[in-house]
Amino acid sequence: MRREHACLFASRKSGVLTGRKDCQLNIGVTRLVTEFPGWGYESEEVVDAGADPFCLNNMMIHGFKSSNQDFNFGPWKVTAIKNHIMKSADVEKLAEDMAMPCLPEMMFGDNVLRIQHSSGFGIEFNAKDALKRVNKYQGAVKVACAEEWQESRSESEHSKEVVKPYDWTYTTDYKGTLIGDNLMLNAVQTEERINTEKLKTREQIMFFEEVLLFEDELHDHGVSSLSVKIRVMPSSFFLLLRFFLRVDGVLIRMNDTRLYHEGDQAFMLREYTSRESKISSLSHVPPPIYTEPNEISQYLPVTQTLYEKLEFPPLPEAEVTTPGGPTNVAQP
Numbered sequence: 001m002r003r004e005h006a007c008l009f010a011s012r013k014s015g016v017l018t019g020r021k022d023c024q025l026n027i028g029v030t031r032l033v034t035e036f037p038g039w040g041y042e043s044e045e046v047v048d049a050g051a052d053p054f055c056l057n058n059m060m061i062h063g064f065k066s067s068n069q070d071f072n073f074g075p076w077k078v079t080a081i082k083n084h085i086m087k088s089a090d091v092e093k094l095a096e097d098m099a100m101p102c103l104p105e106m107m108f109g110d111n112v113l114r115i116q117h118s119s120g121f122g123i124e125f126n127a128k129d130a131l132k133r134v135n136k137y138q139g140a141v142k143v144a145c146a147e148e149w150q151e152s153r154s155e156s157e158h159s160k161e162v163v164k165p166y167d168w169t170y171t172t173d174y175k176g177t178l179i180g181d182n183l184m185l186n187a188v189q190t191e192e193r194i195n196t197e198k199l200k201t202r203e204q205i206m207f208f209e210e211v212l213l214f215e216d217e218l219h220d221h222g223v224s225s226l227s228v229k230i231r232v233m234p235s236s237f238f239l240l241l242r243f244f245l246r247v248d249g250v251l252i253r254m255n256d257t258r259l260y261h262e263g264d265q266a267f268m269l270r271e272y273t274s275r276e277s278k279i280s281s282l283s284h285v286p287p288p289i290y291t292e293p294n295e296i297s298q299y300l301p302v303t304q305t306l307y308e309k310l311e312f313p314p315l316p317e318a319e320v321t322t323p324g325g326p327t328n329v330a331q332p
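The sequence shown begins at 1 in full-length UniProt numbering and counts up by one.
What the hints contain is simulated information worked out from the structure, not anything from laboratory work. These figures come from a predicted structure and were not determined experimentally. Fair warning: there could be bad hints in the mix.
No farther apart than 30 Å at their CA atoms in a straight line, the calculated lysine-lysine pairs in the BS3-like style are these [unchecked claim]: (1) Lys200 / Lys77; (2) Lys87 / Lys198; (3) Lys87 / Lys128; (4) Lys128 / Lys309; (5) Lys93 / Lys128; (6) Lys278 / Lys87; (7) Lys87 / Lys136.
Computed Cβ-Cβ distance ranges for the label pairs, DEER-style [said to hold, decoys possible]: (8) Gln69 / Lys278: 36 to 46 Å; (9) Glu217 / Ala89: 37 to 47 Å; (10) Asn68 / Ala89: 33 to 43 Å; (11) Lys200 / Lys93: 42 to 52 Å; (12) Asp220 / Ser119: 29 to 39 Å; (13) Ser88 / Gln265: 43 to 53 Å; (14) Asn186 / Pro286: 43 to 53 Å; (15) Arg202 / Lys132: 17 to 27 Å.
From the three backbone atoms N, C-alpha and C, an ideal C-beta is built for every residue, glycine too.
Between the sequences and the hints, there should be enough to build the whole structure, so can you do that?
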């Protein structure tokens, strides 16, 4: 069972960061390495393993070590909840409620990553809402094993009915769930872009977490997964939600949502990018790279983009702050 994981990393090196995938322990210091090509920049930071057990927790396999973390900065709170795979009975009930023939093999229905303002508005990322964006009525990928795969799943699934056509790859264009009782973020299209050059600036990593939402090995014919990770710096936070699909011998697809907020702004920028390529068009790419999302992404043509500004709701006076401390900014 394959996993794509990242750890914060450490080793000061002239301020320029290099993405790696290993975690190394050096006498009292944890070298935590995170892959940042998918984030749009690279970074690295030295952390004392003895003084910061949180870093060691990031080495644990995501989704299998239950945890509930809150990180507060200014008026914002990041909540990262990670729990075990849902029990089969709960999965069956959820599949019925969602009118889907079956759900991913590894369903983390209780996992969530939430960013919420003290006024109540915010955005969260969870598996259930992501799966609501899956096409329930028509299969989107045709492969020789698809019929056999669906039949095998139907033998153990809740309905015992004939398996209906649906997107068995669980492809989703989910970009997050806007939350709030009376106040909500307002999504509007924009010409503004995330400032990747600013993201390359060396800053302290105040908080990092990655949450796996679901994963399925497509009956040993590939992988379909959805995960989200966030890092918080003194002046901003940056989040990446990634859906990754590989159907062996057929195609590779990647849907990325990036969310960025600078502390002195009354909005977040959200960028959605969908990439896809048939395997037959990747003959020039070494096959081992097919399993590495960060490496294969550069070879996948962009098929769709969406740039949005998530505007904060109007308030008489709101704290639009850097993570390091509040600054009162009057809303327009």
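We went through each hint and held it up to the structure:
1. Lys200 / Lys77: holds (24 Å)
2. Lys87 / Lys198: The given pair, whose Cα atoms are some 43 Å apart, is violated under the 30 Å limit.
3. Lys87 / Lys128: Status holds; Cα separation ~15 Å.
4. Lys128 / Lys309: Holds, at roughly 24 Å.
5. Lys93 / Lys128: holds (12 Å)
6. Lys278 / Lys87: violated (35 Å)
7. Lys87 / Lys136: Cα-Cα ~22 Å, so holds.
8. Gln69 / Lys278: 36 to 46 Å: holds (40 Å)
9. Glu217 / Ala89: 37 to 47 Å: Between glutamate 217 and alanine 89, where Cβ atoms are some 22 Å apart, the hint is violated.
10. Asn68 / Ala89: 33 to 43 Å: Taking Cβ atoms as reference, asparagine 68 and alanine 89 lie about 23 Å apart, which means the hint is violated.
11. Lys200 / Lys93: 42 to 52 Å: At roughly 46 Å between Cβ atoms, lysine 93 and lysine 200 fall inside 42 to 52 Å, so the hint holds.
12. Asp220 / Ser119: 29 to 39 Å: violated (47 Å)
13. Ser88 / Gln265: 43 to 53 Å: Once the Cβ atoms are compared, 45 Å apart, the range 43 to 53 Å for glutamine 265 and serine 88 holds.
14. Asn186 / Pro286: 43 to 53 Å: Cβ of asparagine 186 to Cβ of proline 286: about 44 Å, so the range 43 to 53 Å holds.
15. Arg202 / Lys132: 17 to 27 Å: Taking Cβ atoms as reference, arginine 202 and lysine 132 lie about 39 Å apart, which means the hint is violated.
Going down the numbered hints, you'll see the structure goes against 2, 6, 9, 10, 12, 15, while the others check out.
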